[in-house]
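Visitor: Go ahead and model the full structure; you've got the sequences and the hints to work with.
The listed protein sequences correspond, in order, to chains A and B.
Note that this note's numbering has the first sequence beginning at 1, numbered continuously upward.
Note that this note's numbering has the second sequence beginning at 1001, numbered continuously upward.
Since the hints were made in silico from the structure, they are not lab data.
Among the clues, some could well be false.
[What the hints assert, rightly or not] Calculated Cβ distances over 10 Å to all of chain A for the following chain B residues: (1) THR1054; (2) PRO1106; (3) PRO1214; (4) ALA1233; (5) GLN1247; (6) GLY1373.
[Stated by the list, open to error] Quick list of simulated restraints, FRET-style, between CB atoms: (7) ASP71/A x GLN1347/B: 51 to 57 Å; (8) ALA233/A x ARG1158/B: 55 to 61 Å; (9) ALA1091/B x ALA232/A: 56 to 62 Å; (10) GLN1400/B x ALA91/A: 50 to 56 Å; (11) ALA304/A x ALA1091/B: 39 to 45 Å; (12) GLU157/A x GLU1147/B: 45 to 51 Å; (13) ASP1154/B x ALA40/A: 43 to 49 Å.
[Said to hold, decoys possible] Covered by chain A, according to a simulated footprint, are these stretches of chain B (three or more residues, beta-carbon under 8 Å): (14) 1269-1280; (15) 1334-1343.
Every residue, glycine too, gets a C-beta built ideally from N, C-alpha and C.
Number of protein chains: 2
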Amino acid sequence: MSTRISRRRLLGIGAGVTGAAVTGAVLATHLPRADADAGAEEPFHGEHQAGIATPAQDRLVFAAFDVVTSDRGELREMLREWTAAAAAMAAGRAVPGGSTNPLAPPADTGEALGLPAAHLTVTLGFGPTLFDGRFGLAAYRPAALAELPALPGDQLERARSGGDLGVQACANDPVVAFHAVRNLARLGRGTVVVRWSQLGFGRTSSTSRSQATPRNLMGFKDGTRNVVGEDAAAMDAHVWVGDETDQSWMRGGSYLVARRIRMLIEAWDRSSLRDQQDTIGRLKTSGAPLTGRAEHDVPDFVAATHGSPVIPANAHIRLASPEENDGIRILRRGYSYTDGMDPVTGQLDAGLFFLAYQKDPRTQFVALQRRLGVHDALGEYIEHTGSALFACPPGVAPGQAWGEALFA
Amino acid sequence: MSTRISRRRLLGIGAGVTGAAVTGAVLATHLPRADADAGAEEPFHGEHQAGIATPAQDRLVFAAFDVVTSDRGELREMLREWTAAAAAMAAGRAVPGGSTNPLAPPADTGEALGLPAAHLTVTLGFGPTLFDGRFGLAAYRPAALAELPALPGDQLERARSGGDLGVQACANDPVVAFHAVRNLARLGRGTVVVRWSQLGFGRTSSTSRSQATPRNLMGFKDGTRNVVGEDAAAMDAHVWVGDETDQSWMRGGSYLVARRIRMLIEAWDRSSLRDQQDTIGRLKTSGAPLTGRAEHDVPDFVAATHGSPVIPANAHIRLASPEENDGIRILRRGYSYTDGMDPVTGQLDAGLFFLAYQKDPRTQFVALQRRLGVHDALGEYIEHTGSALFACPPGVAPGQAWGEALFA
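Guide: Now the structure itself:
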């Protein structure tokens, strides 16, 4: 079956052959630069969706979709097609189902042809509006999928917020991530439209012990204390939905809060090193807390000098810390973005596209942001310009489709 | 001198140590995934600016700046600072000149701290408007730096066009490229403002025999016949400004035409494979011309079947070919871009950010585009939404600064 042929095999490249001349003289020169692991595939099927506990890939394309059909069957059928396409792309294959008729459009748009899987994960979520009654799904709406309340720091743009469906495509090659979202959009034509999308060019979070903490566009390491995928106890305690859910179809899933956090880069770049370090609560170069010497030293929130706390009362790492938040933790997959000049302010529109996975946004993200938004010294330098919430169902087994439990 | 310490050494990482625990426990885990070559530096100094003949890096950040001072000395001084900063960053070092005073802003914004040079090149160009008399430079304006005329296919947006200065930052890590442009913008505060910027997430051109031809967002290999940096005769004939110039300061430089070419992706994705192949003149999967079997086969523009040319009369590769254009060639460094949803059309704003280097835009890009714009079958699927032109001076020697010859 031709759709099971990998994108590289289609070009005559044997799996063990890299960087060399290949059969058929189709690729005469080198393959894209890649480490030995770059072609690796992330398993698509499983208990949980990939792209949550998966070690965070370097690049992101995210898209929110609105459903434009009123036909429940069409939506269900599209989710079947999306599942099959996502499984194929995660395995480095082209979108299946194409005819060989040259008078028909190709089944796959082709820009990723010849590229390895690049650790692609495609993660689907359902927005609160999907359960508004258009598709007979109101009874399936989990209580935890409550629209986010207005939060301090909100400067939300409607055109960058919300969505009936959310798709997170992460990969180490941005072309592979873009290809995934674009092909789902194409398959969904007539059933969904893209509401907004966001490219994330560089990851700012580690979700694995095997990864170093990268820096965000403030030049700081943030999320050093993030939940990591290998920590099964922390994942169960903070990220995966368990038996506590009111909707059994969400067991094994997770709730995703997506926030587009613009950084006021010009103001930040004019602030002193001391201000920057006091704002975050860490040293800029090493990433160590102000009370420590190395990045992973546990912050000492009690330490004081001359009667003042070494880590200021309004420092970001203090206010975001589990110690100050009844042990609340979330799993973050953040990416730096830039969208060129803001025509209104004449300043660079860049910052952090923040993705947080959790068991219950009401008691995790919302509680944290309520506290951070009011007191966090960082608030002077950021604005939340986009916001969305999605219920990400558990993983699927081979032959199953996303959302099947909703249409039973 | 601390500014000569590389970004990675600053973190205690010896040049020969990768992926391992390092001194000082500053980085406890792995470095970013990278091939053996990822840390390599491109030489900044030389006869020509880097970033033209350099094998095209995978990622791009481009910015156009307008000069806002009327003080010629300030402009000159900024260009000196930019040169020093670009040289440092290309060597994987932080922006020089920082004080160690914690009450001052850091000299470097820090997001690339710890990252290798990633083949960064920073290439500067001067726009036609720089020579409008504000800075006493009118006599230095080359005749070849004539504003581009209106061209077929133009749907130009003013906010995405023009600029007194252009900066092309290419690197294999987008964070490194972003960091370069952002730090030049920061150094230029008060002297320049960013007019527009563009992120290119995936390269679509090869400029070296060592590189395979990548695919654009139409899923096709384009630019198979591009000028490559190793072809010194072709570079001299088509790309590097020689003795023919009316401005000796441009000898060894090149002219850059930047065009933001939006692809009407939804329409393209609905067209049949045959239409797509006839539009381009190549087979989608292999990249071979319609008259050939392999990508690098020379197209046979004469071949006909049943009285019609196999490569249609309006196919892109025919109309863009040297054979049909009196031997005109250009060096292309193209990158795919996506800027989310177009709020007006509700369609994805994505396409090709096209960078073309040449000896004289009047007889190269303009001549090609006049012909292509009217007849090219591709014109149905693209719009040129941004345009800019820059005179890129030759390279500098150590101790020299960009633009020095203009201020003699």
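Visitor: Next, verify each hint and record whether it holds.
Guide: Verification of the supplied hints:
1. THR1054: The claim stands: THR1054/B keeps its Cβ more than 10 Å from every Cβ of chain A (closest is about 14 Å).
2. PRO1106: 5 Å, violated
3. PRO1214: Label violated. Min Cβ-Cβ 7 Å, cutoff 10 Å.
4. ALA1233: 20 Å, holds
5. GLN1247: 31 Å, holds
6. GLY1373: Holds: least Cβ distance 24 Å, greater than 10 Å.
7. ASP71/A x GLN1347/B: 51 to 57 Å: 23 Å, violated
8. ALA233/A x ARG1158/B: 55 to 61 Å: Holds, since ALA233/A and ARG1158/B (Cβ atoms, about 56 Å apart) stay within the stated range.
9. ALA1091/B x ALA232/A: 56 to 62 Å: Roughly 44 Å apart at Cβ, these two residues miss the hinted range, so it is violated.
10. GLN1400/B x ALA91/A: 50 to 56 Å: 52 Å, holds
11. ALA304/A x ALA1091/B: 39 to 45 Å: Given a distance of about 42 Å, which is inside 39 to 45 Å, the answer is holds.
12. GLU157/A x GLU1147/B: 45 to 51 Å: 35 Å, violated
13. ASP1154/B x ALA40/A: 43 to 49 Å: Holds, at about 44 Å.
14. 1269-1280: holds (count 8)
15. 1334-1343: That given contact holds, which follows from 6 residues of the stretch 1334-1343 of chain B lying within Cβ reach (below 8 Å) of chain A.
The structure fails hints 2, 3, 7, 9 and 12 (numbered hints given earlier, in ascending order).
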